[in-house]
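Residue-level listing of the chains:
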Amino acid sequence: MDFLSEFLTLFLGKLQSPTLGFLIGGMVVAAVNSRLQIPDPIYKFIVFMLLIKVGLSGGIAIRNANLVEMLLPAAFAVLIGIVIVFIGRYTLGIMPKVKIVDAIATAGLFGAVSGSTLAAGLTILETEGIKFEPWAAALYPFMDIPALVTAIVLASLYITKQKQRRAAEEQLNKQLVAAGGYPSDKGIVARGYPQSDTADEGVKIWPIIQESLQGSALSALLLGLALGLLTRPESVYESFFNPLFRGLLSILMLVMGMEATARLGELRKVGQWYALYAFFAPLLHGFIAFGLGMIAHYITGFSLGGVVLLAVIAASSSDISGPPTLRAGIPSANPSAYIGSSTAVGTPVALALGIPLFIGLAQVLGG
Amino acid sequence: MDFLSEFLTLFLGKLQSPTLGFLIGGMVVAAVNSRLQIPDPIYKFIVFMLLIKVGLSGGIAIRNANLVEMLLPAAFAVLIGIVIVFIGRYTLGIMPKVKIVDAIATAGLFGAVSGSTLAAGLTILETEGIKFEPWAAALYPFMDIPALVTAIVLASLYITKQKQRRAAEEQLNKQLVAAGGYPSDKGIVARGYPQSDTADEGVKIWPIIQESLQGSALSALLLGLALGLLTRPESVYESFFNPLFRGLLSILMLVMGMEATARLGELRKVGQWYALYAFFAPLLHGFIAFGLGMIAHYITGFSLGGVVLLAVIAASSSDISGPPTLRAGIPSANPSAYIGSSTAVGTPVALALGIPLFIGLAQVLGG
Amino acid sequence: MDFLSEFLTLFLGKLQSPTLGFLIGGMVVAAVNSRLQIPDPIYKFIVFMLLIKVGLSGGIAIRNANLVEMLLPAAFAVLIGIVIVFIGRYTLGIMPKVKIVDAIATAGLFGAVSGSTLAAGLTILETEGIKFEPWAAALYPFMDIPALVTAIVLASLYITKQKQRRAAEEQLNKQLVAAGGYPSDKGIVARGYPQSDTADEGVKIWPIIQESLQGSALSALLLGLALGLLTRPESVYESFFNPLFRGLLSILMLVMGMEATARLGELRKVGQWYALYAFFAPLLHGFIAFGLGMIAHYITGFSLGGVVLLAVIAASSSDISGPPTLRAGIPSANPSAYIGSSTAVGTPVALALGIPLFIGLAQVLGG
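Protein chains in written order, with the numbering used here: chain Z, 195 to 561; chain X, 195 to 561; chain V, 195 to 561.
Just so you know, the hints here were simulated from the structure itself, not pulled from any lab data.
Source: prediction; values computed, not measured.
Among the hints, a few may not be true.
What the hints assert, rightly or not - Straight line, CA to CA, 25 angstroms or less: simulated SDA-like cross-link-like pairs of lysine to any residue: (1) V:K238 / Z:I232; (2) X:K238 / V:D234; (3) Z:K355 / Z:I232; (4) V:K293 / V:L477; (5) V:K238 / V:A225; (6) Z:K238 / X:L438; (7) V:K238 / X:M450.
Pulled out of the complex, with its shape left as it was, chain Z reads as follows (with noise of 0.2 angstroms):
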């Protein structure tokens, strides 16, 4: 039960660091009908600078990265962000009074990649005089970014074809009544020609997707990721955005835990389904990383602490850069479903259970 005392240590300190805390300060404050408020503006900003925040710090990793030689485990550490989001939807997402775009969102969060679980990561390879590449860390914005955008299109395709299949079955509800025939009965028939046509192929994707990056969220992403890839932001990023960014984002989990407040109800019914999944996802993940990277481990030579690295960034689950991302990204998502899964849980896994795990992989393998 050594595991167990650790993970609930690990578990009970996450529930202390400023981020849950402020989440919860913040429902606190609004159960107590308190008349606290963080202007709009404000908030808008704060998120911003958060979002620009995360794209700089990924854009200055990728500049200063071997592009070529991590040209594979990069490729990789993409599609590993993107299928991650796909299995979070086809998994959590099919779960009985699970919303869908909750499901999208935690996905999302669990693709991006944790900041403190890798330095974790890194510190034990280190300790335990495991060899890596010095640029294997900066792999994580190749995960982080496509996860989070895949996550926003996907949110933005699903809402799409709902509004559209509503306004399909009211238009056509409309016209049966219309037509003074009765809608129980033939609407069974005359439901599936519309839906194949509007919401299946209606829905056009590119557009979807122009759109989702023209959001606020994804905008300030890869204008910072721009910026930080082709400029050199190095001494505003440091002087500014960086010292800014814990404090910033203290106050939007207060925002977000005031919100979150009026949206716990919702999990009540559901909260096993998102502990399975924060559970589960994180070991999953990084056994897929881990796969992946010992094919580039045997192509081009990839190290096996690389190989453990890539697992780790894939088990992480962003409590940093994720919730603000999301956030502005998939409104309508619920953020006491992605934070809470991914701090409560998929963090202290990540931790205590999947590092070890990895490494131990590794050491067999290696012989």
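Based on the hints, put chains X and V in the right spot on chain Z.
The following block gives chains X and V in isolation, referenced to the frame of chain Z:
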């Protein structure tokens, strides 16, 4: 005249401090009809940032303190914080033409604690080689926060009573007029009844306390206190809330100065009462605290250095935590009254007169 | 071609600086129709923060300077700051299709001072072992602030005249039409009279200067200057206004870039005039300052190193203090015009051509 010159030097130095400098700057800006403005959402957010920082630092100080050992001095600190507000309410508040809410706010500021005065006290005690408990400085939030809460609740109570009285009188006048009676005549007789009924008995204290605590000012303060006590916000406190504090305070001072110009005239006829209060209150508060501290000295062995610190904490008036709290919690009080009294007179008196007095007293008593 | 390659390197480096990077980023964001926005209250507050910082740093520099000794060079600096704006108004401003307000704003930016160009000048002087007065760098606010104030007042004067002229013409046309006359006919005769009456004599200069000074831009600038001069804001300057400056400036640049896209077309036909002005103005301004500096050299013994610094200050164009001031003070001017001219051409010319030129000149004259 050594004291007088020292006092004047401190007084002039205070006028050049950023806190008072920005206040006066704001007054000048308003006086020359500048169109300079701080947008309202920014102002609200600045107040929030200041209040949560005050709460956090109090909470962290209490969490790190030895609660069992400091029980009696801490209880005395709470008591002194509350008593100071009532003293101000019933001395300054009953002077002719002094507005009650201004008096309550001023007393709240004199009950709150100045970090810089406390630091000066600590430095002098160390220089003089007088011993004190390491947790003695952590007594300040036990006085600071109760004083501010008491002031806001007392002001809310007073304002609610006033409103009810006025409403009752208006209704009475309407009834009299509606009945065709002579208002001037019967008014005197009739007035007594509804007053005692609605204004004195009718005001329920608990809903008003609850209402005050739900207000944005005390909510932010208590949220910060709770987060400081129950979570580990040190990283975000040190990297965000604390470094931004002085700068945001200077901007708040600018806003308060801009507002103060319009209300400076109110003080013309009552300035002498504020000066008198601000001169004697720090000494009186310090002596009360010194007396209670001596009781703790004889009962629990509280050190004489600790007694001096308790007196210094009581003598100090906050130019930091107080203004934003009172501005948001008692918006109808005139900031020129309370900030002017505290920074221009109260703090120099506490520093130049209070600290040497209490140290001398302790040295005499300690033999 | 050593100069050309050096110039191109500097030019490309400038394009990667955070200042210009965020400007171009903003232009791209707007060009792809992103919905990214910086809320208006945030934008206003950022401008305030930048302006008060510029004022504070100027005020602190002047307070710490030896005013008696630097009297003549400082007076020359003020003079040069004002003259530069008039030169720009009557050279760039009279080119075909160049808008007068854009020309005034550009001249204001070339009159304002670039901290980084000044720092480069100081470094090179020290490397070459050329002596200069320690207060010489403190001459910059004496040129910077008068240039910006002159530009804003000149633009206000021009805009007011234009409005009055247009109003007078409209009224005249109405009168003519009302009287049944032929507007095209009598218009020529009649127009002369009201023009000279209302537009030239009728515009009172002092109310417009007062109005400009009361505007939010100059108010914030002068408030900062006064606070820097008269109080001791160093603590809050070092801990708050200065560290936040570069970051907030980058966000302002983003906003200005987003606005610039829409107005870039305006410059298509006049770009060559801006390029020409931006290439020659730094050298011309530098030579004027060098000449006046030599007068101070012969009268008061102002060092030759000081003369070089005065010339560098005059040759530099502000990419820091200028943009926020001009954006808020002359909102109708096109930011693409003045920022583009300054950062893309003016600053590289001053650095690569101006500094070596003035140092060489001083070495020739100093024997």
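Please verify whether Z:K238 and X:L438 have alpha carbons no more than 25 angstroms apart. Judged against 25 angstroms, a Cα distance of about 20 angstroms means the pair holds.
Satisfaction of hint between Z:I232 and V:K238, Cα-Cα up to 25 angstroms: 18 angstroms, holds
Holds or violated: X:K238 and V:D234, Cα atoms, limit 25 angstroms. 15 angstroms, holds
Has the given pair, V:K238 with V:A225, been kept, meaning a C-alpha gap of at most 25 angstroms? This hinted pair holds, its Cα atoms lying about 23 angstroms apart.
If you draw a straight line from the CA of V:K238 to the CA of X:M450, is it 25 angstroms or shorter? Roughly 18 angstroms between the alpha carbons, so the hint for V:K238 and X:M450 holds.
With the threshold set at 25 angstroms, check whether the alpha-carbon distance from V:K293 to V:L477 stays at or below it. 23 angstroms, holds
Given the hint that Z:K355 pairs with Z:I232, test it: the Cα-Cα distance must not exceed 25 angstroms. This hinted pair is violated, its Cα atoms lying about 33 angstroms apart.
Going down the numbered hints, you'll see the structure goes against just number 3.
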